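Student: Given next are the chains, with one letter for each unit.
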Amino acid sequence: MPKDEIKDFRLVGTRPNRPDGLDKVTGRARYGADITAPGMLWGAVLRSPHAHAKILKIDTSKAEALSGVKAVVTRADFPTGLTGEDWNLQENTMAGEKALYDGHAIAAVAATSSQIAQEAVRLIEVEYEVLPHVTDVDDAIKPDAPVIREGAADATVPEGMPPNVVKYFEFGRGDVDAGFKDADLVMERTYKTEATHQGYIEPHACLGQLGADGKGEMWVCTQGQWYIRQMCSAVLGLNAAQLRVTPSEIGGGFGGKTTIFMEPLSLALSQKAGGRPVKIVMSRSEVLRATGPTASASMDVKIGMTKDGKLTAARAEFRMQGGAFPGAPVDMALYCCLAPYKIDNVEHIGYDVLANRPKCAAYRAPGSPMGAFAVESLIDEMCRKLDLDPMDVRLKNAVREGDQASYGPTFGSIGLAEVLEATAKHPNLSAPLGPNQGRGVASGYWFNHSGETSVSLAISEDGNAQVSVGTPDIGGSRASIALMVAETLGIAYEDVRVNVVETGSLGVNEPTHGSRATFASGKAATVAARAAIKEMCRRAANEWGIDEEAVEWVEGAAQPAGPNAGEFPPMSIKEIAKNMGKTGGPISGHHESVPEGVGASFGCHVVDVEVDPETGHTKILRYLVVQDAGRAIHPSYVEGQYQGGAVQGIGWALNEEYVYGDDGRLQNPIFLDYRMPVASDLPMIDTQIVEVPNPGHPFGVRGVGETGITPPLPAIANAIQGATGVRMSHLPMTPTKVLAALKASQE
Amino acid sequence: MSELTVHLWAGLRRFTGGHEVVTVEASTIGKMLDALVEAYPGLGPILEAGISVAVDGEIINGGRHRPLSPSNEIYLMQRMKGG
Amino acid sequence: MSKIHVTTVVNGDEVEFLADPRETLLDCLRDHLGLTGSKEGCGTGDCGACSVTVDGVLISSCLMLGVEAQGKKIETIEGMANGEELHPLQRKFIEHAALQCGFCTPGILVAAKALLEKNPDPTETEVRYWLAGNLCRCTGYDKIIRAVMDAASEMRGAA
Numbered sequence: 001m002p003k004d005e006i007k008d009f010r011l012v013g014t015r016p017n018r019p020d021g022l023d024k025v026t027g028r029a030r031y032g033a034d035i036t037a038p039g040m041l042w043g044a045v046l047r048s049p050h051a052h053a054k055i056l057k058i059d060t061s062k063a064e065a066l067s068g069v070k071a072v073v074t075r076a077d078f079p080t081g082l083t084g085e086d087w088n089l090q091e092n093t094m095a096g097e098k099a100l101y102d103g104h105a106i107a108a109v110a111a112t113s114s115q116i117a118q119e120a121v122r123l124i125e126v127e128y129e130v131l132p133h134v135t136d137v138d139d140a141i142k143p144d145a146p147v148i149r150e151g152a153a154d155a156t157v158p159e160g161m162p163p164n165v166v167k168y169f170e171f172g173r174g175d176v177d178a179g180f181k182d183a184d185l186v187m188e189r190t191y192k193t194e195a196t197h198q199g200y201i202e203p204h205a206c207l208g209q210l211g212a213d214g215k216g217e218m219w220v221c222t223q224g225q226w227y228i229r230q231m232c233s234a235v236l237g238l239n240a241a242q243l244r245v246t247p248s249e250i251g252g253g254f255g256g257k258t259t260i261f262m263e264p265l266s267l268a269l270s271q272k273a274g275g276r277p278v279k280i281v282m283s284r285s286e287v288l289r290a291t292g293p294t295a296s297a298s299m300d301v302k303i304g305m306t307k308d309g310k311l312t313a314a315r316a317e318f319r320m321q322g323g324a325f326p327g328a329p330v331d332m333a334l335y336c337c338l339a340p341y342k343i344d345n346v347e348h349i350g351y352d353v354l355a356n357r358p359k360c361a362a363y364r365a366p367g368s369p370m371g372a373f374a375v376e377s378l379i380d381e382m383c384r385k386l387d388l389d390p391m392d393v394r395l396k397n398a399v400r401e402g403d404q405a406s407y408g409p410t411f412g413s414i415g416l417a418e419v420l421e422a423t424a425k426h427p428n429l430s431a432p433l434g435p436n437q438g439r440g441v442a443s444g445y446w447f448n449h450s451g452e453t454s455v456s457l458a459i460s461e462d463g464n465a466q467v468s469v470g471t472p473d474i475g476g477s478r479a480s481i482a483l484m485v486a487e488t489l490g491i492a493y494e495d496v497r498v499n500v501v502e503t504g505s506l507g508v509n510e511p512t513h514g515s516r517a518t519f520a521s522g523k524a525a526t527v528a529a530r531a532a533i534k535e536m537c538r539r540a541a542n543e544w545g546i547d548e549e550a551v552e553w554v555e556g557a558a559q560p561a562g563p564n565a566g567e568f569p570p571m572s573i574k575e576i577a578k579n580m581g582k583t584g585g586p587i588s589g590h591h592e593s594v595p596e597g598v599g600a601s602f603g604c605h606v607v608d609v610e611v612d613p614e615t616g617h618t619k620i621l622r623y624l625v626v627q628d629a630g631r632a633i634h635p636s637y638v639e640g641q642y643q644g645g646a647v648q649g650i651g652w653a654l655n656e657e658y659v660y661g662d663d664g665r666l667q668n669p670i671f672l673d674y675r676m677p678v679a680s681d682l683p684m685i686d687t688q689i690v691e692v693p694n695p696g697h698p699f700g701v702r703g704v705g706e707t708g709i710t711p712p713l714p715a716i717a718n719a720i721q722g723a724t725g726v727r728m729s730h731l732p733m734t735p736t737k738v739l740a741a742l743k744a745s746q747e
Numbered sequence: 748m749s750e751l752t753v754h755l756w757a758g759l760r761r762f763t764g765g766h767e768v769v770t771v772e773a774s775t776i777g778k779m780l781d782a783l784v785e786a787y788p789g790l791g792p793i794l795e796a797g798i799s800v801a802v803d804g805e806i807i808n809g810g811r812h813r814p815l816s817p818s819n820e821i822y823l824m825q826r827m828k829g830g
Numbered sequence: 831m832s833k834i835h836v837t838t839v840v841n842g843d844e845v846e847f848l849a850d851p852r853e854t855l856l857d858c859l860r861d862h863l864g865l866t867g868s869k870e871g872c873g874t875g876d877c878g879a880c881s882v883t884v885d886g887v888l889i890s891s892c893l894m895l896g897v898e899a900q901g902k903k904i905e906t907i908e909g910m911a912n913g914e915e916l917h918p919l920q921r922k923f924i925e926h927a928a929l930q931c932g933f934c935t936p937g938i939l940v941a942a943k944a945l946l947e948k949n950p951d952p953t954e955t956e957v958r959y960w961l962a963g964n965l966c967r968c969t970g971y972d973k974i975i976r977a978v979m980d981a982a983s984e985m986r987g988a989a
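Note that the protein sequences, when read in sequence, are chains U, H and W.
Take the first sequence: its letter number 500 is residue 500 in the numbering used here, and every next letter is one higher.
Take the second sequence: its letter number 76 is residue 823 in the numbering used here, and every next letter is one higher.
Take the third sequence: its letter number 124 is residue 954 in the numbering used here, and every next letter is one higher.
FYI, nobody ran anything at the bench for these hints, they're computed from the structure.
Remember, it's a predicted structure, so these values are computed and weren't measured experimentally.
One or more of the hints may lead you astray.
[Claimed, not checked] Some chain U residues judged to face chain H by a derived CB distance under 10 Å, without partners named: (1) E85; (2) G255; (3) G350; (4) A365; (5) Y407; (6) S450; (7) E510; (8) G703; (9) E706.
[To be verified] If we take Cβ atoms under 10 Å as the criterion, some of the chain U residues that face chain W in the derived model are: (10) R18; (11) L22; (12) G27; (13) R30; (14) I250; (15) G644; (16) I650.
Glycine included, every Cβ here is placed at the ideal spot set by N, Cα and C.
Work the whole structure out from these sequences, hints included.
Tutor: Written out as structure tokens, the structure is:
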């Protein structure tokens with residue numbers, strides 16, 4: 001929708017109650033672990049205590065002999081010959097020749113109770129040959145590091161690179177050396193971020209059933225039921241259409257539930273147990289040890305700036321480990337890190353490195369927070385050195401429509417300048433600061449994503465609408481899709497029911513990821529609603545005996561398009577629906593595509609902190625999120641995305657990290673020690689929604705889920721420098737680290 | 748068929764005789780990718796592993812049949828993912 | 831391990847179940863009584879998703895054994911609404927969009943109700959500290975705090 005077409009909608013932009021609200025406040029909503037089935041067995045998984053070990057022998061005989069045990073599976077029960085990502089998924093589901101990280105699955109058991117299954121797991125005897133391990137990215141990239149997997153490097157890696165580099169990536173333009181010569185100040189710094197977990201409160205859970213005939217069913221908490229179907233089928237060698245996957249309500253995902261972990265195990269166990277359904281629910285420590293954390297990163301950045309704040313050149317070299325498999329988001333980190341800036345000379349280099357850690361999964365704007373931490377920290381430090389206002393510098397260098405992005409292509413409609421202008425005007429930016437207090441600002445970027453989408457809509461006998469979507473509702477997408485459909489059809493919000501359906505009901509849908517649900521399912525649902533409208537106009541035209549082109553749809557009713565079309569009173573959706581059985585049968589609409597027209601989203605955050613000089617503890621005093629939503633369909637849930645993203649970023653900045661011991665074991669696999677932000681750590685999170693409509697979406701939606709996690713990491717580091725004069729370059733900025741830095745600066 | 752200008756990323760230069768910007772004859776995204784592999788077989792495994800294509804600034808996955816013309820700005824990119 | 835017979839009162843109803851002595855109260859509520867509104871997020875008392883009250887005291891039901899429920903009075907999320915009439919906290923959570931995925935919501939509602947019974951007029955800081963044992967990963971807590979404060983205000987007005 002072009003900028004000049006912003007108008008007030010009847011429903012879009014209002015804040016009705018979410019359709020699943022009642023179920024969720026009464027405890028009725030059914031999540032992954034909330035369902036049971038007749039004849040159900042309980043599954044449990046044996047996991048490696050070693051970071052890196054050869055598996056010499058697995059003896060399951062004692063476990064199998066335990067009364068109540070119905071099946072035991074190891075890698076020997078899986079098909080062989082898989083390649084590429086299918087092999088990676090299978091290997092991560094269950095270890096083959098080697099255990100590759102602390103927590104890697106070795107065997108699984110199904111029994112008549114959870115207690116018996118746990119007991120049986122303890123009876124499995126495994127003989128390991130422990131191998132040297134490596135968990136830190138800078139150690140893993142050394143030429144003499146323990147080799148995690150021979151031959152894992154892809155074609156991008158030139159000869160002669162260290163053995164754990166599995167992907168190499170390089171892009172840029174202009175002449176960075178010339179650019180640095182044009183600068184008045186050139187600075188270079190190294191930054192590190194630690195791995196964090198998505199931290200959804202609902203552990204992974206599934207109930208899988210698979211018969212000897214290859215027909216199966218699964219109930220599972222996931223962001224994408226078709227991904228579960230495709231991946232389980234690939235790993236187990238099944239016929240995908242024979243596996244019917246139903247998504248439960250999902251207790252948070254943030255990217256971590258876009259892949260498989262123990263789901264194939266429930267199916268393999270079920271098949272071995274004669275087709276009895278098998279429920280597997282992970283414990284929190286299993287979630288932290290063995291499901292997707294994000295990558296850890298080590299990053300060098302060099303930037304040139306003139307004394308009036310113009311960026312002349314930038315060079316970024318990032319190293320990331322994403323566990324024992326390829327897939328660290330180093331490419332996305334590099335694409336995003338300089339995206340807010342118009343800059344002619346850029347060079348980006350990235351290394352994806354294997355280490356003995358769990359296979360990383362996507363986490364909200366994968367890669368972007370790390371890259372932003374490095375670049376936005378350095379730009380802030382340079383602003384301080386040159387005594388420049390960090391907002392002025394960001395605005396001066398801001399990319400606008402028609403500018404070439406740091407990663408190559410030309411930007412279409414974007415709203416960075418509007419975001420920065422709104423931020424600069426916000427009262428938080430002029431709130432007075434006291435002693436030991438500082439303010440930090442930072443920008444963030446995410447592309448947003450479309451992906452395969454299939455939606456179906458049907459008009460009910462009473463003139464309401466039901467919409468079947470394939471994107472699980474994590475943060476209110478049923479509400480936003482219902483608003484768009486009701487707006488389009490001209491009916492009440494309450495008269496639309498949006499159902500998240502199982503894989504047998506629609507064509508393939510990608511998961512709810514990439515901030516795509518409201519964009520892609522919303523766009524497809526709108527197109528489907530228009531198809532139903534066209535059919536309803538046709539029915540009215542036939543009834544009136546006029547040409548269907550002479551009928552238009554206004555406020556939920558068909559009516560003659562003009563005086564020449566004839567004189568007929570409007571025929572409402574209810575009237576058309578009531579008679580549809582007599583006028584040609586069901587009225588529906590559907591749409592399948594990879595919707596085009598994705599709109600990127602920029603954000604800017606402002607944080608005020610107070611650092612206790614005695615303890616090094618950082619308290620967040622004030623927090624502001626400003627972000628371009630394109631169009632906020634349900635503003636409350638847009639604000640919710642901004643606030644939730646910001647607080648995840650605050651956790652990443654201040655508290656959260658995977659801590660590995662010298663033995664390669666995860667030291668903090670419970671929530672007491674993997675410390676996520678709690679209510680008493682935080683102030684209110686102020687938000688401002690900027691709306692620069694996306695021309696590629698019928699209501700202007702950009703997608704808002706991911707960008708918000710990106711700016712907090714650097715914004716807080718920048719604020720800490722403002723409060724203390726000390727620059728923190730290694731996350732998380734725990735009290736211990738800040739105190740040590742304060743002491744070092746005073747010596 | 749028309750001549751398209753395609754921007755690669757610098758890491759691919761070693762498969763294209765040092766060129767980061769190449770031209771191929773093609774009329775769609777799919778044919779453009781096929782033509783690239785034909786001209787520079789070393790690109791095969793990389794394109795096969797999955798990439799995205801940015802056309803006039805819009806990043807596209809799964810648009811093999813989308814028409815392209817010489818006026819389009821075309822960039823090969825890493826495959827887009829999301830959380 | 832042989833099971834133990836337990837009689838207890840849950841949400842006003844007398845119930846009986848056979849508990850494995852290793853099972854937590856949370857396991858028994860979910861797996862024996864079908865009360866799946868209380869959630870397991872951690873199993874170590876750190877996330878609060880399993881919050882219930884036992885004889886009026888707010889606890890994490892993952893930290894209490896099922897057999898210890900003998901003779902106690904337990905209140906869970908399933909008993910919070912009065913028939914069709916939602917508790918003001920439940921209503922305010924919906925109105926304020928104080929939930930996204932909703933997984934932590936039952937525990938937070940039970941905990942917030944216990945707060946307002948003790949302190950009908952809490953400050954924002956008091957609400958934040960009371961709920962510090964309830965993790966929410968989606969919302970950043972902002973709308974949760976607002977919903978609790980608003981419900982408290984309405985309940986004071988109604989009293």
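Student: Indicate, hint by hint, whether the structure satisfies it.
Tutor: Going down the list of hints, with the structure as the test:
1. The beta carbon of E85/U is positioned within 10 Å of a beta carbon in chain H (closest approach about 9 Å), and the interface hint is therefore held.
2. Against a cut-off of 10 Å between C-beta atoms, the interface hint on G255/U holds, since the closest Cβ of chain H lies about 3 Å away.
3. Interface restraint check: G350/U against chain H, minimum CB-CB distance 9 Å, threshold 10 Å, status holds.
4. Here the hint on A365/U is kept, as its CB sits about 6 Å from the closest CB of chain H, short of 10 Å.
5. Hint status for Y407/U: holds, given a least beta-carbon distance of 7 Å to chain H, under 10 Å.
6. Hint status for S450/U relative to chain H: holds, with the closest Cβ pair at about 7 Å, below 10 Å.
7. Look at E510/U: its Cβ gets to within about 9 Å of chain H, closer than 10 Å, so that hint holds up.
8. Hint on G703/U holds. Least Cβ distance to chain H is approximately 9 Å, under the 10 Å limit.
9. Because the closest C-beta pair between E706/U and chain H is about 6 Å apart, less than 10 Å, the hint holds.
10. For the restraint placing R18/U at the interface with chain W, the shortest Cβ-Cβ distance is roughly 7 Å, inside the 10 Å limit, so the hint holds.
11. Interface hint at L22/U: satisfied, since its Cβ lies 7 Å from the closest Cβ of chain W, which is below the 10 Å cut-off.
12. Restraint check, G27/U versus chain W: the minimum CB separation of about 2 Å is within 10 Å; hint holds.
13. Interface restraint check for R30/U: the shortest CB-CB distance to chain W comes to about 7 Å, inside 10 Å, so the restraint holds.
14. Because the beta carbon of I250/U sits about 6 Å from the nearest beta carbon in chain W, less than 10 Å, this interface hint is met.
15. Contact between G644/U and chain W, as hinted, is supported at the beta carbon level, the nearest pair being about 5 Å apart and thus within 10 Å.
16. Annotation: I650/U was flagged as interfacial toward chain W, and the flag holds, the nearest CB pair being 8 Å apart, inside 10 Å.
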